[in-house]
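Undergrad: Here is how the chains run, residue by residue.
Protein chains: 2
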Amino acid sequence: MVATIMSGKLLSDELNEEMKLEVIKLKEKNVTPGLVVVLVGEDSASQTYVRNKEKRANTLGIHSVVEKYPEKMTEMELLRVIDRLNKDDHFHGILVQLPLPKHIDSTKILNAIRPEKDVDGFHPINMGKLVIGQPERIPCTPYGIMKLLQRYEIDIEGKNAVVIGRSNIVGKPMAQLLLMKNATVTIAHSKTKNLAAVAKEADILIVAIGRGHMITKDFVKPGAVVIDVGMNRDENGKLIGDVKSDEVQEVAGHLTPVPKGVGPMTITMLMYQTIESAKELLN
Amino acid sequence: MVATIMSGKLLSDELNEEMKLEVIKLKEKNVTPGLVVVLVGEDSASQTYVRNKEKRANTLGIHSVVEKYPEKMTEMELLRVIDRLNKDDHFHGILVQLPLPKHIDSTKILNAIRPEKDVDGFHPINMGKLVIGQPERIPCTPYGIMKLLQRYEIDIEGKNAVVIGRSNIVGKPMAQLLLMKNATVTIAHSKTKNLAAVAKEADILIVAIGRGHMITKDFVKPGAVVIDVGMNRDENGKLIGDVKSDEVQEVAGHLTPVPKGVGPMTITMLMYQTIESAKELLN
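Going down the list, the sequences are from chains Z and R.
Per this note's numbering, residue 1 is the first one in the first sequence, and the count goes up by one each step.
Per this note's numbering, residue 1 is the first one in the second sequence, and the count goes up by one each step.
Excised from the complex, chain Z in its bound form (with noise of 0.2 Å):
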């Protein structure tokens, strides 16, 4: 079996076009969906990041700004603009770029951003209200994972789904997603024993461990559905997935590849979230 390739680059098109059909029709009725990116210090990677949202942004018609603020910038500071731009009308989704400063809580910070603005879904009661299956803002990763399972039409209900890694942006919203969808859902994590086996069980593996290559196909059953959520760099500095795909697409039925997979999913979410939260304005 060579397993089927899940291409989150391919999805991504087709949402953009579809967002950018969106855009046009919200501006029509006179709202301009506006994402703001708060970016804190000099870090490259952030920086990196935050560029690549402003350019898919300005290219789907959204109104995007970047505020940068000095590393030296003071927690209360920092509360002060969030406050402020929770309260202004142009912006409709609010992202802190992570990591912040040591000196500012990070919790403080994401608590502070007005729930309906808060794009990334990391707020509490965003998490709450997934856990109790009324979401409104998800954790745009496992919400791009969702998206794609169901482009390629894969069955959820009644399959096994197995999580590794219970990091709040991603694993632990991705098994209430999949519960959502009733699947039997297990979280596994660096303490779980004899992983390969635990692994070997899942319809559904939904790999985010931050190893590289670290699952082989002894983790794999035949025909599975696996996810690669990882993005970690070789030793020759390329980017590598958690999945050892070169073995693993023999054995499973579906992969997603690393680049080109989760990651172009991610963004394509926050987009449209920001989306989301326009069109609610009008309601």
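Each hint should be verified, as a subset may be incorrect.
Identical copies carry no separate label here, and so any pair may be met within one copy or between two of them.
[Stated by the list, open to error] With a straight-line cut-off of 20 Å between C-alpha atoms, the simulated PhoX-like cross-links for lysine-lysine are:
no., residue 1, residue 2
1, Lys191, Lys181
2, Lys193, Lys221
3, Lys87, Lys68
4, Lys244, Lys260
5, Lys193, Lys181
6, Lys279, Lys20
7, Lys238, Lys9
8, Lys217, Lys193
9, Lys279, Lys9
What the hints contain is simulated information worked out from the structure, not anything from laboratory work.
Using the hints provided, position chain R relative to the given structure of chain Z.
TA: Chain R in isolation, oriented as in the chain Z frame:
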């Protein structure tokens, strides 16, 4: 093997003694923990529950008030009651007895309770904080189960835990609590295929299905810890659990009985969180 019986009754008695002392200490600091229970309509089961809560609160020295309202009360009127109680410093815990009459949106009411006073742990922001690993108020039944596991020195880290049932008040928060203690957690439910096989993988099996005696010994791994959340009536009106205890106790290592297992712990944790909430006022 005959299972060790995990007595929620016994642990409740122990915790009651501790709580009585806590309340005395608080009163010395001029704080009397207060719990208000809001009861709408004439549901007879609800009246019994409310009476039991009031009785327990009184035993512990907690200031306890039951506010009763007629079935035909409007949603707006109930929201005004909640608003008043949110502001009333005599009450550190507010509990709205469910179910509410059909013309009132329970979600809207529960979301209106000030999160600090949400001693039931049902507010979405409390659920969200639990999920992201910063719990403040925790749904009482799973919280009580964690206390029972701790009391009986059950090792959780690295163990396979299976939670059957995915309600917002038991299954989902239960899964999060077990995950926080480093179990590998599976959530199973009515759409799970081959439930017996899934359950039989569990070192710790939490059963919250609501179907009397459904879990036979074929669902239980020898030596497993089995927690029975069920409260059902058999054809003779006798209270029975979801677990067929006569045969499961021959296989399991530990088992909670019904009654006197999980049941008493729920009300105990309600009191516990009311006291915690009062303590926070001192800080």
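Undergrad: Given a CA cutoff of 20 Å, do Lys238 and Lys9 count as a within-copy pair, a between-copy pair, both, or neither?
TA: within (18 Å within a copy, 59 Å between copies)
Undergrad: At most 20 Å between C-alpha atoms: does Lys193 with Lys181 qualify within a copy, between copies, both, or neither?
TA: Between. Shortest inter-copy distance 14 Å satisfies the 20 Å Cα cut-off; intra-copy 27 Å does not.
Undergrad: When Cα atoms must be at most 20 Å apart, do Lys191 and Lys181 count as within-copy, between-copy, both, or neither?
TA: between (26 Å within a copy, 10 Å between copies)
Undergrad: 20 Å Cα cut-off: does Lys244 pair with Lys260 within a copy, between copies, both or neither?
TA: Within one copy only: 16 Å inside, 51 Å across.
Undergrad: Please sort Lys193 with Lys221 into within, between, both or neither, judging by C-alpha distance up to 20 Å.
TA: Both. Shortest intra-copy (18 Å) and inter-copy (17 Å) distances satisfy the 20 Å Cα cut-off.
Undergrad: My question is about Lys279 and Lys20: at a cut-off of 20 Å on alpha-carbon distance, are they close within one copy, between copies, both, or neither?
TA: Classified as within; 14 Å inside a copy, 53 Å across copies.
Undergrad: Reference check for the pair Lys217 and Lys193, CA-CA at most 20 Å: within, between, both, or neither?
TA: The answer is within: 18 Å in one copy meets 20 Å, while 25 Å across copies does not.
Undergrad: Between Lys279 and Lys9, at a C-alpha cutoff of 20 Å, which is it: within one copy, between copies, both, or neither?
TA: neither (25 Å within a copy, 53 Å between copies)
Undergrad: Cα distance capped at 20 Å. Does Lys87 pair with Lys68 within a copy, between copies, both, or neither?
TA: Within one copy, since 19 Å is at most 20 Å while 40 Å is not.
Of the hints listed earlier, the one the structure fails to meet is number 9.
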